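If you read the sequences in order, they're chains W and P.
The letter at position 172 of the first sequence is residue 172 when you use the numbering used here, and the numbering goes up by one with no holes.
Position in the second sequence (first residue = 1) + 342 = the numbering used here.
Hints listed in this document are in silico derivations from the structure and should not be mistaken for laboratory results.
All of these numbers come straight from a predicted model, not from anything done at the bench.
Some clues are possibly wrong.
Chain W side only, calculated, beta carbon under 10 Å to chain P, not exhaustive [claimed, not checked]: (1) Leu59; (2) Ala92; (3) Ala95; (4) Ile97; (5) Asp100; (6) Leu102; (7) Ser103; (8) Leu105; (9) Asn106; (10) Gln114; (11) Val118; (12) Lys140; (13) Tyr153; (14) Pro154; (15) His155; (16) Leu166.
Just so it is clear, CB atoms sit at the ideal spot from N, CA and C, and this is done for glycine as well.
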Amino acid sequence: MSTPLLEVDDLSVRFTRQGQEPFTAVDKVTFNVAPGEVVGLVGESGCGKSVTSLAIMRLLARRGNQVTGSVRFAGTELLTLPDAAMRDKRGAELAMIFQDPLSSLNPVVPIGVQVSEVITRHRGENRAVAARQAAEMLDKVGIPDPTRRLKEYPHQLSGGMRQRALIAMALACEPRLLIADEPTTALDVTIQAQILALLTDLVEQSGTALIMITHDLGVVAGLCDGVNVLYGGRIVERAKRHPLFAEPRHPYTGGLLGSIPRLDGDRDARLFPIRGSVADNIPWDHACAFAPRCHQEGEKCRTVAPDLLPDEEARTDGGLRLLRCHYPLTAADRQRIEEGRA
Amino acid sequence: MTDSPRRPMPGTPSHKKARLDALASTAAPSGSSGGSAGGGVATAVSDAGRVASGEGVSLWMSAWRRLRRDWVFLFGAAIVVLFIVLAVVAPLIAPHDPATRVLIDQVNRQTNPVPGPQPGHPLGADYQGRDVLSRLMVGARQTLLVGVLATLGGLLGGMTLGTLAGAFGGWVDSVVMRVVDVLLSIPSLLMAFSIAAMFRSPSQWTVILAIAIVQVPVFARLLRGSMLAQRHSDHVLAARALGVRKGPIVFRHMLPNAMGPVIVQATLVLATAIIDAAALSFLGLGNPDDRSPEWGQMLGNAQPYFDSHPHLAVYPALCIIVVALGFTLVGESLRESLDPKSRR
Chain W
1 MSTPLLEVDD LSVRFTRQGQ EPFTAVDKVT FNVAPGEVVG LVGESGCGKS VTSLAIMRLL
61 ARRGNQVTGS VRFAGTELLT LPDAAMRDKR GAELAMIFQD PLSSLNPVVP IGVQVSEVIT
121 RHRGENRAVA ARQAAEMLDK VGIPDPTRRL KEYPHQLSGG MRQRALIAMA LACEPRLLIA
181 DEPTTALDVT IQAQILALLT DLVEQSGTAL IMITHDLGVV AGLCDGVNVL YGGRIVERAK
241 RHPLFAEPRH PYTGGLLGSI PRLDGDRDAR LFPIRGSVAD NIPWDHACAF APRCHQEGEK
301 CRTVAPDLLP DEEARTDGGL RLLRCHYPLT AADRQRIEEG RA
Chain P
343 MTDSPRRPMP GTPSHKKARL DALASTAAPS GSSGGSAGGG VATAVSDAGR VASGEGVSLW
403 MSAWRRLRRD WVFLFGAAIV VLFIVLAVVA PLIAPHDPAT RVLIDQVNRQ TNPVPGPQPG
463 HPLGADYQGR DVLSRLMVGA RQTLLVGVLA TLGGLLGGMT LGTLAGAFGG WVDSVVMRVV
523 DVLLSIPSLL MAFSIAAMFR SPSQWTVILA IAIVQVPVFA RLLRGSMLAQ RHSDHVLAAR
583 ALGVRKGPIV FRHMLPNAMG PVIVQATLVL ATAIIDAAAL SFLGLGNPDD RSPEWGQMLG
643 NAQPYFDSHP HLAVYPALCI IVVALGFTLV GESLRESLDP KSRR
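Same shape as in the complex, but just chain W (with noise of 0.2 Å):
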């Protein structure tokens, strides 16, 4: 692997708030990312895929929320930089999208003028150069008739261009770090898939990096290099992409790729879902905060916080595989899995 373009190490994020416990909501997160590279941070609603992305573009109010470790970009210690440096950044070297495409477009400015808005604003262009340049985003990102698209307004727009609008905005000055945050949630399965292809496309074509912020395996079979499984705010296992779907060794990721629907297997067969919710979480001092939705919990599982260790017991396919778990999954306990569906 060639030199990390994105370093996080040991990012925690604490939630003070006042007349509340302190909750930490990332916890010692510690991942790369190299040029060209997509990677996925995959979890429930809650396990702090989120928090995590946002602190690493410091967009976290500072009342409130308590950022410590690192975060590195290109060298570069991001957590301690100035305000107005960070600025620069954000938009030209790192840009992040967003859920829900229509509330993350300002509703009363033409979309035009929000791409343009990015690229006046980062390399200096006059109006007439922004906006023709804009247009040349828009149609990148596969936008018809752009030229006239620049002069709607979001609420114009299909679900699948406003989502094409916002990934225009956020590649318009070729940042070398795209955060994608669930981009595909709010749009239904066809769109999906444009929007995945299309951020492939443009990643593989200009070698951004992308994190890929989301619930849906799915996305992460189509798309991510390296995985990253969070569960409680900490990672649970980090594995390339063939590995984990193919011998998912945390017990939290077994679930996770028990709980899809098959469309080969018996129509009857039932889903072997994860046991009750994020809710159910117990803290991770001296403990796997995992435990009491696990099927695999075992004696240590309660009284000794499992370390996230090398794991050289399964396929890695050259890769680091990482697990955090008292009791992995073993090829038998998959097996049962897959009868229990049956």
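Following the hints, position chain P against chain W.
Quick look at chain P alone, frame taken from chain W:
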């Protein structure tokens, strides 16, 4: 969503007209851009070879489309426009000069203090023999001027304070809002009286200033609230994620989106401003020179004759009520058409 206003509701009086409009717009070569969001890609593709001519439809444009078919709005707007036109042309069409005591020879303090209606003077004259109809017509000018200027003044002051508080937050917000709280804690009319009474010589400008100051905290609080809501909105976060600077974020992304309720409030305040101005004039805090008539001042002057000649008070009061009603109807329907929840 965008094409819904084009689809007329069957049975409404505007049904036919709407259908005609829809026909006209599909017939026109360039008209399809606005209302055809439902067409989406297909329209765009089929239009691809065509020269782009259609402008986008902003929120205000689509609100206007809804308003065009809203009889409440049309009724209110008709009243407002009528009075504005009246105010503009009043000096030209008023049958008499409002300051000339044309019927002074009929005024007798004991037997006939107020000359009644008669040929050439359909509403009679006041206690100084001046033609009431002419005074009402010319009075529209003064009254509307005071209402509009006072509202604009209040809007300007309120926008400044509200933007300051909403954009910076933190201690700026706290300081500004505490000042606003203090201003709001004083009953508005009482405060208007106090401010107007502070000036040695009352004039219409002191009335405007007094009423404007009273409206400032209302606008400030409203704008600050919707600015704060914008601050935490997704599109502001998205703009920040793209490195947009503070200035454009406040003035392009927050303020225009926060203005809706403020503009609606302004139309409603216009009505209260006119009523407040009338109240100030009624109490003698307005323009002391009664040669240029104003409705509130006419109302005040009518007070001694109210039991014997109530029409002197009824006419200006009616004018005030109707104008205030007009502005209120416009404001309410504007609020409804801009409210995303009541759309469709």
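For each hint, the structure was consulted:
no. : hint   : in the structure
1   : Leu59  : holds (6 Å)
2   : Ala92  : holds (6 Å)
3   : Ala95  : holds (6 Å)
4   : Ile97  : holds (8 Å)
5   : Asp100 : holds (6 Å)
6   : Leu102 : holds (9 Å)
7   : Ser103 : holds (4 Å)
8   : Leu105 : holds (6 Å)
9   : Asn106 : holds (5 Å)
10  : Gln114 : holds (8 Å)
11  : Val118 : holds (5 Å)
12  : Lys140 : violated (16 Å)
13  : Tyr153 : holds (5 Å)
14  : Pro154 : holds (9 Å)
15  : His155 : holds (6 Å)
16  : Leu166 : holds (7 Å)
Checked against the numbered hints above, the structure violates only hint 12.
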